[in-house]
Amino acid sequence: MGDSGVYLRPVAGVPPFETTGESWYSCLTASESMQLRGVISGHSGQGRDDVAKRESGSQDSAAQNSRGGSLAHTEASSELLRELVAHLRQHRTQLREEWVSRITETRLLTAMTKEEIFAEATSVYDSYVEALETETFEALQAYARNLSERIIPRGVETHEVVGIVLLLRDVLARSLFAKYQTDFKKLNRILDAYEPAANRIANTVAISFVQERERVIRQQQEAIRELSTPVLQVRERLLILPIIGVIDPQRARQLTEQLLRGIRTNRAKVVVIDITGVAAMDATVANHLVQTVEASRLLGATVIVTGLSPEIAQTLVTIGVDLGIMNTVGDLQGGIEQAERLLGYKVVPSAEPR
Amino acid sequence: MEVPILKQGEFLIATFQAALSDADLKSLRIGLVQQVVRFRSRAVIVDVTAMDVMDSFASRTLREIAQMIRLRGAETVIVGIQPEVAFAMVQLGLTLEGVATALDLEEGLAYLNEKFKTTN
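Here the protein sequences come in this chain order: V and W. Counting from 1, position 116 in the first sequence corresponds to residue 204 in the numbering used here; the numbering is continuous, with no gaps. Counting from 1, position 91 in the second sequence corresponds to residue 524 in the numbering used here; the numbering is continuous, with no gaps.
Bound conformation, chain W alone (with noise of 0.2 Å):
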């Protein structure tokens, strides 16, 4: 199952289904990528509240399409984590270091606006 991508003033959100393949979250990431500069975006948000387990792969996907998009200039939040969700990854070693998280979508957009507030 694809997962949308929705335009949201210069924020991109990315809502992530319940389950998805591996090559769903592949063609996440090229999407990612490309509507990110076509849009002129300044954010991503990734939204993962729907996900109940993250394996590996998902984990490294996520920090991947972080790296990606801060080269592409743009920022990432991952928003939704569950607790029981970012216990395991940490238990594994997937902390998704250097990139943003916040509790919801909520949180996720306040801390962008907060953040390019200041930098305006």
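Next up, chain V with everything else stripped away, as it sits in the complex (with noise of 0.2 Å):
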């Protein structure tokens, strides 16, 4: 078995932790077997061929014995867990108990009151518990999603939420510990079934949880993102594009489809980019920000660039810009007041100003 390597691999789909070294080999169907056939020929060139044969024949029959050999472990496991399930069932109230005093302990969830952490823990408690007798997550994922939801607008963080699946791990792990203490053999065994359950329990946990966060930031980008693009006509062919905050590639992008889209849309002649509200920008935003002004030219538009601070300014000139197709203006005022003198506007007072 030199190759152990190859064997030992990650299968799609399984967590690394939750089998014994033991139980890769169930973990290989026909049909990955038949590949790894394949990898270890396609690697062992000409020569190699009869001993690859030779060695993939062993492997077969190796992964037979060990898979009948873990299906019989996995109906031990199964009897082990509703034991286990049993004791947890009978002991609840007092392992609860002791769970949340833990988490009190350590100061986790402090943005919670007591009661809520109790009525929470009580339902992670029989969620948890649940899982590990059926060995089915989609009830406890669907929960943990759930209760991130909840906790997440509250500021609960990642390690809290880890912290207290680790513990009650850790609360159940001693109650077994101090249950089998007599039996060493029987806890090993019970230990066995426990630990790969409660790992991908808290693995779960911690996913549920770190997608919830995930998705709320998705959508805060999101929304940030069509809130911060206005495209705006101010004269019949004026447009103006205010632009506000941090501008990273992809931002600049969009601002660029967005605005050579208006230009089509409106007929706009002039534009007025405002970028007083950008502190500063890199090179390539610099760049891309003098592209889009080319391209706005080619749609038979005029850019006003305004309000450059003096970091941008700087940043233009290092990048070697053609100040020759750059039309900047001090401000939005001067910018717009060029605009309507491009256009072909004169704004007059109507009377004196009273």
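Quick caveat, the hints were computed from the structure, so don't treat them as lab data. Keep in mind that a hint or two might mislead.
To be verified - Calculated cross-link-like contacts (lysine-lysine; reagent style DSS-like; alpha-carbon spacing at most 30 Å): (1) V/Lys434 - W/Lys548; (2) W/Lys550 - W/Lys440; (3) W/Lys459 - W/Lys548; (4) W/Lys440 - W/Lys548; (5) W/Lys459 - W/Lys440; (6) W/Lys550 - V/Lys434.
The task is to assemble the complex, starting from two chains supplied on their own in separate frames and drawing on the hints.
This is the structure in structure tokens:
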């Protein structure tokens, strides 16, 4: 088994910690072991072909052996899991109390009140035991999502969520130690059954929490993106594009797209891009701005850039912008005035100001 | 496919079709430069609205057309460049510098009318 590293690769859909080394074979389906054989003979070259065949043959029989072995192993472990679940159900109140007191001791979930922690702990405990019993994680996953949805806005951090699940794992494992301290062999087997399932539960909860968090972040990014790029028409054929905040390359591209489309739909002749609200931009984005100006010209529109900060001016000079094509004015008012001149407007007061 | 060249008053209008081969572009270049003198036109409008891809050859040819027509004593306006095409061209460095551009045919005609009204 010189290539044992190959056999011990992670199998898709199975977290690496779920099984002991022995059960890796049981994770391989028939088609996968075929692939494995393909991999081995693919790497072996012509001279080693027969060696590879012999190897793959021996690996086949080894896989079959251990597959049979692990089947018996699974039966035994589900038996043990049942016993474990019965134990956890029986001592539910006591273990839950201990867990909650450990949570408060370690100062996790400080954003929540004691009663809330107790209520959530009860449901988490029950879902936990249920997941252990049924070995299905969908219900727990849904509950973890739901819980995350409720507690994320209150500022609960990832380490706290992972922390409480690991605490529960610890509390339960200690109770198992206490129960089976006389029978070391049995304890070992119980832990063999308990540890992978507990790990998987911790994993599920953590992933659900992080996924929920990422979903919220994505949603907010989307909202910011939609809000942040208005293309406004101030007069017939005059558009304003006020840019506020940090511009990353992605946002720059989006701004360009919206502006060029806006020029077309509004039949604009002059565009004022106001970047007063942008403190600084890197060379890539500055270059993008210049390209936007040129592209607008190809559509027949003149661009006036207003409100350049000293830093941006420095960046533009550093990347060597052709100043002939960049039409810049100090502030937005000046920019609009110049745009009106270009369009042939003349603003005159209709009466003396009162 | 040949590009039709239409005479409209003092201007010539050439409208690009969807897919043009390099040979078509070359014959358009010759045709425009010949006809601009034959019809004593003051300007040429090249309408590229139908082009959703502009490669470097097409872009260079457009610039050459504009420069040749200037040497023949007339002016060129490129109209109808699509937003995506415009940005792709700029990113490739094909900015048609020194060539007038307008949003569409109407704008191009308005630009030229305005321009020649003041010089008359």
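Going through the hints against the structure:
1. The hinted pair formed by V/Lys434 and W/Lys548 meets the criterion: a straight-line CA distance of about 20 Å does not exceed 30 Å.
2. Note on W/Lys550 and W/Lys440: the hinted pairing holds, with a Cα-Cα distance of about 19 Å set against a maximum of 30 Å.
3. For the given pair, W/Lys459 sits about 29 Å from W/Lys548 by alpha-carbon distance, which is consistent with the 30 Å threshold.
4. A hinted pair counts as satisfied when its Cα atoms are at most 30 Å apart, and W/Lys440 with W/Lys548 qualifies at roughly 19 Å.
5. Under the criterion of a C-alpha separation no larger than 30 Å, the hint pairing W/Lys459 with W/Lys440 is consistent with the structure, at around 20 Å.
6. For the hint linking W/Lys550 to V/Lys434, the alpha-carbon distance of about 21 Å falls within 30 Å, and the restraint holds.
Figure legend: structure checked against the earlier numbered hints; every hint is met.
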